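Student: Generate coordinates for the entire structure from the input sequences, incorporating the hints supplied.
Just so you know, we're using my numbering here: the sequence shown kicks off at 14 and counts up by one.
No lab work stands behind these hints: they were computed from the structure.
Just so it is clear, the structure is predicted and the values come from calculations on it, not from any experiment.
It is possible that some hints are incorrect.
Unchecked claim - Each computed BS3-like pair below joins lysine-lysine, with the alpha-carbon atoms no more than 30 Å apart:
{"hint": "1", "residue 1": "53", "residue 2": "77"}
{"hint": "2", "residue 1": "53", "residue 2": "35"}
{"hint": "3", "residue 1": "77", "residue 2": "35"}
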Amino acid sequence: MHPIKPRTTDFSRTFTLCVDGKATLAFSASTMREAQELCKEGWLRSDLCALTCQDQALCTPTSKLTVRPALPEEERIYQQSANTDSEDLSLVYLVQIDGASDNPSA
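Tutor: Dropping the structure here:
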């Protein structure tokens with residue numbers, strides 16, 4: 014987990030990060046603008062390029078990363094899997110990560 018801390022507010026929403034249009038992970042942020050900043054993080058793209066799902070990289074260096082509000086099912090998965098005790102950013106994978114035991118989550 015990387016030590017990025019979202020702005021502290023009493024209100025946060027669940028967002029979904031899509032890689033080339035595919036819902037890949039869910040996370041919480043205060044605003045859409047804050048959520049979109051995650052797409053610009055080099056460490057995230059690196060991590061996504063290193064992870065695989067069914068022997069396919071989740072991301073390539075040229076993949077398009079986009080953010081949208083989470084669908085109800087994605088939000089449910091996030092709420093069940095996120096580490097809400099931590100102030101660090103919790104990323105919950107919505108796809109099966111090769112080699113991980115309790116997916117979909119990170």
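Student: Is residue 53 within 30 Å of residue 35, Cα to Cα?
Tutor: holds (17 Å)
Student: If you draw a straight line from the CA of residue 77 to the CA of residue 35, is it 30 Å or shorter?
Tutor: With Cα atoms ~10 Å apart, residue 77 and residue 35 stay inside 30 Å; holds.
Student: Given the proposed pairing of residue 53 with residue 77, does the C-alpha separation stay at or below 30 Å?
Tutor: holds (11 Å)
In terms of the numbered hints stated before, the structure departs from none.
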